[in-house]
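From first to last, the protein sequence lines stand for chains A and B.
The working numbering puts the first residue of the first sequence at 10, with every later residue one more than the last.
The working numbering puts the first residue of the second sequence at 71, with every later residue one more than the last.
To be clear, the hints were calculated from the coordinates, so they are not data collected in a lab.
Ideal Cβ placement from N, Cα and C applies to all residues, glycine included.
Possibly wrong hints are sitting among the right ones.
[Stated by the list, open to error] In silico lysine-lysine, DSBU-like type, Cα no more than 35 angstroms apart, as pairs:
no., chain 1, residue 1, chain 2, residue 2
1, A, K318, A, K201
2, B, K278, A, K225
3, A, K72, B, K179
4, A, K83, A, K197
5, B, K450, A, K83
6, B, K278, A, K83
[Stated by the list, open to error] Derived CB-CB ranges, DEER-like:
no., chain 1, residue 1, chain 2, residue 2, range
7, A, K197, B, R116, 46 to 56 angstroms
8, A, T129, B, E340, 50 to 60 angstroms
9, B, G387, A, S145, 54 to 64 angstroms
10, B, G333, A, S173, 29 to 39 angstroms
11, B, L415, A, S260, 31 to 41 angstroms
12, A, G214, B, G279, 20 to 30 angstroms
13, B, G387, A, E33, 23 to 33 angstroms
14, A, G214, B, K179, 49 to 59 angstroms
15, A, S88, B, R261, 26 to 36 angstroms
16, A, I301, B, S344, 31 to 41 angstroms
17, B, E327, A, E47, 35 to 45 angstroms
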Amino acid sequence: MPDRIVVAMSGGVDSSVAAALLKEKGFDVVGIGLSLVEPGEVSDDKSCCGITSMDDARRVAEKLSIPFYVLNFKDDFRSSVIEYFTTSYVRGETPNPCVPCNGIIKFDGLMRVALGLEATCLATGHYARVAFDEDSGRYILRTGLDDSKDQSYFLHSLTQYQLSRAIFPVGELDKNDTRREARRFGLKVSDKPESQDTCFIGTEGCGAFVTAFTGKGPESGPILDESGGVIGTHRGLPYYTVGQRRGLGVSRAEPVYVIDIDPDNNSITVAPRARLSRESEVLIDEVNFISIKPPSGPFEVSVKTRYGKPAQPATFVPTGDTSATVRFDSPQEPTAPGQSVVSYIGDAVVAGGIAKRKG
Amino acid sequence: MGADIYLDNAATTPVRQEVIETLLDSLPKTFGNASSIHSFGQDAKRLLEESRERLGTCIGASAEEVIFTGGGTESDNLALRGAAYALRDRGNHIITTGIEHHAVLNCCKDLESEGFDVTYLPVNRECRLDPQWLVELIKPETTLVSVMFANNETGSLQPLEDVGRITGEKGIVFHTDAVQALGKVPVDVDRLGVDLLSMSAHKIYGPKGVGALYIRKGTPIQPIVFGGSHEKGLRPGTENVPGIAAFATAAELAVSELKDSDGHIRGLREKLASGVEKGIRGVHRNGNPESSLPNILNMSFEGVDGESLLLNLDLLGIAVSTGSACTSGATEPSHVLTAMGLSPLLAQGSLRFSFGRENTSGEVDRVLEVLPDVVSRLRKLSTIKISE
């Protein structure tokens, strides 16, 4: 009997091709779609795992002659992802909901279902690579071959157990190759546009979503300059993120950027661009070590402090079991607290953690 | 995978050969519109009325008391809305139970938003209504009571004769959703004392899209769909005569075979139940087999997620259900199991096996062969730490 592999299918081209490739290799593939939000909670064309997406996934499954089921993870998604997201925003942070979605919903909840179906692994359409390294005895997570599409950044919380049972079939492909493969398999999703932004938020934007979800009105407060002087009023912390320039409603001689969000004082501090690039380090916690065991001392890495930003050389300094300070070789713009800070050596993810606010 | 085993007959049933023959015969020949005056219409009218008579006989009713609809859900809606509004000047209070099918529950919720007052009666641990609660909660404004004949998730039979007696004394209209009961247990409208009774073809080896509503002569009711004057103006729309004829065939056969099929199906069910109880620890049977339909077995498996069980069984070629087909994918655990007082965890670990005339003893053996392994595997899995 061929090995069974469960593929998390979103209806998008990446997970569709992942399923097709595995089926072609002779695995006993079972597709599972996740129902994460109530219909009507998010506008359907926007949502990644909405009803139309599940229809797309089902059609791909039919084309590939694999069983397909849609499972209800709404409760878990609400508490582990959406609530995590809104609580973080209310605290003035800029969370990354894809991280707990991967770590808790997909690679725990869904993985448990997959194992329950006697699958040896769970596959997703992520652009990343995982392999076992004999020398270190650890499962190594590496960037996808196509650096422009790399998604290893969002998988930094995966444990060794999770990585040992994860497969990323499109990780070795270029995005163009993926679409080519989709056409080769005759999958209708080959020309589907990318899903952008947070899958459970529609056109209303993060700030409005957080307000509506928590039911708490946004609380306005002062916008401060670096010396602490009040120069304007903000409309509620959830509407802002560190590094933001637009929508501040503050007129200064030159454009100003958010450099700090203070939840205790409900204030935002801004500064002109020239004053931006001067952070020498970022503090992180919830650190998860992947390619190495938790280290005893500091070591050199390249670090990404934001998904779209290229990795910067830095020194990783452990300060506790799950906390560290990442010291940049050259001064950087401030990292938004709540964002993932992922350290690489070459193309291997060494460790990932969450940025904390200083002070 | 091998031959598939279908154990979800409460969700729907395979269309039986005699019904297919009725359809194949009438579809081409009896295509006329039963309202047309010419002979094509008259042929259709004849088959329609013949079917009506036959269905009436199955429940002890006269032909003029049977209205055909598009299914059980529609019959429930017509009964509830149609009677509630026709009785509006007498009162606005409706009493039903918390274990009804969503066709009744959601219809009642809708009526509530329109100003009706609805009371949902509880059931006991065996999923059975205590008629005493009904007595205590009837008020002068109560015009309509709806209690299902047998619950679709657990098979539990409700004390309809008691309810009928109570509503009869107070002049309250009594509706029952008998969708699961027709053809499985004897149904006689006079013995039950019901005024309205919903039926559906696809639960008794008939086609989908056809149902009926029994309406006792003199019961106040008004249409909910508007159009021509078909079905006494209560259900306008050109009649699906071949489907209706098929329904009548299915009902007649089911009722005539009742005794034998009860023996066969009940036997298979008990074989599975005792096999499961012997072979797997931590299982609970929901509902009392002494007072339930012969075909439904609802069991809770401790420490297991019902949906995972269902998927595993499907991949092994065995089709069952968790809760009713209409509620799969719902966020809350089964409203029926919850109403019975099952903890959410136990409700979440429940499966419904429902037998039909095509099931065999060998199929039960196969289920007993694979189920214990699946359960123990899933139980072991729930203890593993994955994301820590």
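Hint check:
With a C-alpha separation of about 26 angstroms, the suggested pair A:K318 and A:K201 falls inside the 35 angstroms cut-off, and the hint holds. In summary, the hint linking B:K278 to A:K225 is not supported, as the alpha carbons are separated by about 48 angstroms, beyond the 35 angstroms threshold. The hinted pair formed by A:K72 and B:K179 fails the criterion: a straight-line CA distance of about 41 angstroms is larger than 35 angstroms. The suggested pairing of A:K83 with A:K197 holds, with an alpha-carbon distance near 27 angstroms, which does not exceed 35 angstroms.
Proposed proximity of B:K450 and A:K83 is supported: the alpha carbons are some 24 angstroms apart, at most 35 angstroms. The suggested pairing of B:K278 with A:K83 holds, with an alpha-carbon distance near 31 angstroms, which does not exceed 35 angstroms. Distance hint for A:K197 and B:R116: a CB-CB separation of about 49 angstroms, consistent with the stated range 46 to 56 angstroms. In this structure the hint that A:T129 and B:E340 lie 50 to 60 angstroms apart at CB is violated, the actual value being about 38 angstroms.
Look at B:G387 against A:S145: about 43 angstroms separates their beta carbons, and that is not inside 54 to 64 angstroms. Distance hint for B:G333 and A:S173: a CB-CB separation of about 53 angstroms, inconsistent with the stated range 29 to 39 angstroms. At about 58 angstroms, the CB distance of B:L415 to A:S260 disagrees with the hint of 31 to 41 angstroms. At about 45 angstroms, the CB distance of A:G214 to B:G279 disagrees with the hint of 20 to 30 angstroms.
Range check, B:G387 to A:E33: about 24 angstroms between beta-carbon atoms, so the 23 to 33 angstroms window is met. Between A:G214 and B:K179 the CB atoms are about 33 angstroms apart, so this pair departs from the stated range of 49 to 59 angstroms. A hinted range of 26 to 36 angstroms for the beta carbons of A:S88 and B:R261 is inconsistent with their spacing of about 51 angstroms. In this structure the supplied range 31 to 41 angstroms is violated for A:I301 paired with B:S344, their Cβ-Cβ distance being about 56 angstroms.
Against the hinted window of 35 to 45 angstroms, the Cβ-Cβ separation of B:E327 and A:E47 comes to about 44 angstroms, which satisfies the hint.
When each numbered hint is compared with the structure, violations occur for hints 2, 3, 8, 9, 10, 11, 12, 14, 15 and 16.
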